[in-house]
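Engineer: All chains should be built: construct the whole structure from the sequences, respecting the hints.
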Amino acid sequence: MIQTQFVRFLQMCGLVLLQVLICNHIHLFGVATPQVYLALLLYFSANSSRISILLWSFAIGLVVDIFDNTPGMAAASMTFVGFILPSLLRSIQTKDRTEDTRITLSEMGLQRFLAYVLILSLIHCFLYFMLEAFTFQLSLITILSIIGSTLLTALFVLLLELCRS
Amino acid sequence: MGTFFTRIARYSHWAVFLFLEILSGVLLFRFNHYQGSVWFTQANAVAGRMLGWESKGLAFLNLVENNHDLTQENLVLQYNIGVLQEELTRLTHDSSYTERVQSNVLKGKKIISAKVITNSILQRNNYLTIDKGKADGVELERGVVSGTGIVGITCMVSDHYSVVLPILNSKSNISCRLRGTHYFGYLKWKGGNPLHAYMSDVPLHAHCRVGDVVETSGFSSVFPPGIFVGKVVQVHSADDGLAYQLEVQLSTDLARVRDVCVVTSINQAEQDSIESQIEK
Numbered sequence: 001m002i003q004t005q006f007v008r009f010l011q012m013c014g015l016v017l018l019q020v021l022i023c024n025h026i027h028l029f030g031v032a033t034p035q036v037y038l039a040l041l042l043y044f045s046a047n048s049s050r051i052s053i054l055l056w057s058f059a060i061g062l063v064v065d066i067f068d069n070t071p072g073m074a075a076a077s078m079t080f081v082g083f084i085l086p087s088l089l090r091s092i093q094t095k096d097r098t099e100d101t102r103i104t105l106s107e108m109g110l111q112r113f114l115a116y117v118l119i120l121s122l123i124h125c126f127l128y129f130m131l132e133a134f135t136f137q138l139s140l141i142t143i144l145s146i147i148g149s150t151l152l153t154a155l156f157v158l159l160l161e162l163c164r165s
Numbered sequence: 001m002g003t004f005f006t007r008i009a010r011y012s013h014w015a016v017f018l019f020l021e022i023l024s025g026v027l028l029f030r031f032n033h034y035q036g037s038v039w040f041t042q043a044n045a046v047a048g049r050m051l052g053w054e055s056k057g058l059a060f061l062n063l064v065e066n067n068h069d070l071t072q073e074n075l076v077l078q079y080n081i082g083v084l085q086e087e088l089t090r091l092t093h094d095s096s097y098t099e100r101v102q103s104n105v106l107k108g109k110k111i112i113s114a115k116v117i118t119n120s121i122l123q124r125n126n127y128l129t130i131d132k133g134k135a136d137g138v139e140l141e142r143g144v145v146s147g148t149g150i151v152g153i154t155c156m157v158s159d160h161y162s163v164v165l166p167i168l169n170s171k172s173n174i175s176c177r178l179r180g181t182h183y184f185g186y187l188k189w190k191g192g193n194p195l196h197a198y199m200s201d202v203p204l205h206a207h208c209r210v211g212d213v214v215e216t217s218g219f220s221s222v223f224p225p226g227i228f229v230g231k232v233v234q235v236h237s238a239d240d241g242l243a244y245q246l247e248v249q250l251s252t253d254l255a256r257v258r259d260v261c262v263v264t265s266i267n268q269a270e271q272d273s274i275e276s277q278i279e280k
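Top line first, the protein sequences correspond to chains A and B. Residue numbers for the first sequence follow my numbering, beginning at 1 and rising by one. Residue numbers for the second sequence follow my numbering, beginning at 1 and rising by one.
Calculated directly from the structure, the hints in this document are not laboratory data. Treat the hints with care, since some could be wrong.
Cβ-Cβ distance ranges computed for the label pairs, FRET-style [claimed, not checked]:
no., chain 1, residue 1, chain 2, residue 2, range
1, B, L61, A, S87, 45 to 53 angstroms
2, B, K56, A, C13, 37 to 45 angstroms
3, B, N62, A, N24, 58 to 66 angstroms
4, B, I8, A, L162, 39 to 47 angstroms
5, A, V20, B, R49, 54 to 62 angstroms
6, B, I8, A, L17, 17 to 25 angstroms
7, B, T3, A, H27, 51 to 59 angstroms
Computed, partial: chain A to chain B, Cβ under 8 angstroms [stated by the list, open to error]:
no., residue
8, S48
9, R50
10, F58
Where a beta carbon is used, it is the ideal one built from N, C-alpha and C, also for glycine.
Structural biologist: Laid out in structure tokens, this is it:
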């Protein structure tokens, strides 16, 4: 148990470093920034404790916020994604698989993996940029940021997964 | 009991979720200037609207009291307006041309101020009674003027009262002239409108116009010359075609005249006696 949490901590540190040192400096076309720390959510399985998922996603969001100077924005959106993650996991899993299946490229296949990551990053980016704009009127720049960052985030998470496996 | 706690435990992640989101929200509004200001202004707008509703409601509930207060205030203000208007009329009148002329005209005259105690304007022959008589120095055939112009001539004098024959009497016949040109004529009242009298015997070459000022001529020795009578409002020619018939708007509204003065020149008795000698 403690080992798992320690591993989780190391994963978090690695992702934060990656995000802060590299990804935060990417502003593709001025709109798209990869939010690679989202990958932490992939390391949870369907039977992880909901509370622990929430706490970890809040924690990584908060740390990224501190480095990014955007207190609360990433934390809020990551917490929400962490909240709906178990339901999403359960809906995506097929019945013949065991409960403890992890979300990996090798097990899910490229298509399903990509779809899953796209859904997660879309939700996250939508919330993140809506909080940044903080208005209900969608401006063009907000829409472009959401779409661009979603695609770029999915791409980076996929690359990370490829490196890992 | 057991199921209760399991149920609570099952939904505990909701509490954690809400707590973390609220925490994020606090951080968001506390440390981000833009979001904080938006939150603040939007919250303010909501608060402002709520307060607006509240004050509207309270104002409605207070209407009865407000009405009461306003009525009282109105009373006080109306009273003040009355007092101030009186003051204003007094002050403006004092400095008016007529008044200045009158004060000049009345120099060297003995003036007895009196109050009108009975009055009529609706009959063909109207009379006024004033509260001064022989005891106060009033004599027969003395001019009576008010602050705004002539009123009439005393025609009966008792010890303490006098009856005045005002302009509004068919027997009244006052010698007048046009201010500036000094053409003279006689002022007579023909009944009807108590503000309009007619001036006759003004020659046609006098070229009088609407708006010309009519004043006393001083020929009759009852009135000193130059006392304001009224203004010409319409110019007719007389039936004989040799003179004007001027319709004059009287400056004194006899319907509401209250304070008058009886004018006596100091040497009036002497003048009277010398005139009577000539007649003999």
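Engineer: Of the numbered hints stated previously, which ones are contradicted by the structure, given in increasing order?
Structural biologist: 2, 5, 6 and 8
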